[in-house]
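**Q** In the order they appear, the protein sequences are chains F and R.
Using the numbering used here, count along the first sequence one by one with no gaps and you end on 138.
Using the numbering used here, count along the second sequence one by one with no gaps and you end on 1153.
FYI, nobody ran anything at the bench for these hints, they're computed from the structure.
Ideal Cβ positions, reconstructed from N, Cα and C, are used throughout, including at glycine.
Be careful, since some hints might not be right.
[Unchecked claim] Derived, one-sided and incomplete: chain R residues facing chain F with beta-carbon distance under 10 Å:
id : residue
1  : 1022
2  : 1027
3  : 1049
4  : 1051
5  : 1053
6  : 1059
7  : 1067
8  : 1100
9  : 1118
10 : 1146
[To be verified] Covered stretches of chain R, going by a simulated chain F footprint (3 or more residues, C-beta under 8 Å):
id : segment
11 : 1003-1013
12 : 1088-1094
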Amino acid sequence: MSGEEEENAAELKIPDEFLKAKCLMNCEVALILEHKYEQLQQMSEDPMNQISQVFEKSLQYVKRFSRYKNPDAVRQVREILSRYQLAEFELSVLGNLCPETVEEALAMVPSIKTRGRAHDDDAIEKMLNDLSLIKKFE
Amino acid sequence: MLKKAIIIHLMDDFAAKKAMKDLGYFLAVTTVERIGEGKVRQHTGDVLFPVDFSCITFKILPGEILEGVVHKILKHGVFLRCGPTEKIYLSHQKMADYQYVPGENPFFRNDKSSKIEKGVIVRFVVIGEKYVEAEKDFQAVVSLEGDYLGPIS
Chain F
1 MSGEEEENAA ELKIPDEFLK AKCLMNCEVA LILEHKYEQL QQMSEDPMNQ
51 ISQVFEKSLQ YVKRFSRYKN PDAVRQVREI LSRYQLAEFE LSVLGNLCPE
101 TVEEALAMVP SIKTRGRAHD DDAIEKMLND LSLIKKFE
Chain R
1001 MLKKAIIIHL MDDFAAKKAM KDLGYFLAVT TVERIGEGKV RQHTGDVLFP
1051 VDFSCITFKI LPGEILEGVV HKILKHGVFL RCGPTEKIYL SHQKMADYQY
1101 VPGENPFFRN DKSSKIEKGV IVRFVVIGEK YVEAEKDFQA VVSLEGDYLG
1151 PIS
């Protein structure tokens, strides 16, 4: 399989480019791709040339797997998660999977407990509570 | 008009490129940062413009937890679709306690009556991924071994 034996996202051992890049949640990608789609309809004479299968399948996927639809809610989710010293990758997994308990959050993103960051259970619980409030008011 | 033509060309090439081993699938160009000076190619008369741009890519990473949709059931496992890739394989051996139930619409089921069948969303952990250059496509092998993994209703 993969050449890198040590690669393991659960320990945040991911390729440098991905560690350094901005990582987007499904809901953010959905907003961007939908906007692109509209832009292309207006800009191009034959939009289907610039809309690949990858684009279409990805748009379908992120729309279906977005926990938040409203752009303001999406912005708020990013804002809340950004307060917690998370790596971009960790932030995106949490925003995508929306764990309901601290236990589930740790199972989804094991790396948040490691690397010497001050993420105790109370902080994680508060973060999850703040996220669930957004969902209620979407 | 030239700038627009260059951008459209960029997007055509980007769409055709489809994927790269290190970056994953190419989804969309997001911003064009800089278009450099054009250089005329001697023999064809084409002009080559270097373009700096940002884009969104998607790559499956070993150890990450994702959700996908079951689209094919086989005796020894199931195939899932996740974003642009349809070749995500979940082996029977990595679905602890699930048994294959044959029939016209086969499925897997565990003793708690949880079903894995076509159309079901499953949360899994990625064991490994592989890029197939010839098909410009990624494949992955995944597992349900871990807490909070399995079918999601």
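**Q** Against the earlier hints, flag every one the structure doesn't satisfy and list their numbers going up.
**A** Violated hints (numbers, rising): 3, 4, 5, 8, 9, 12; every other hint is consistent with the structure.
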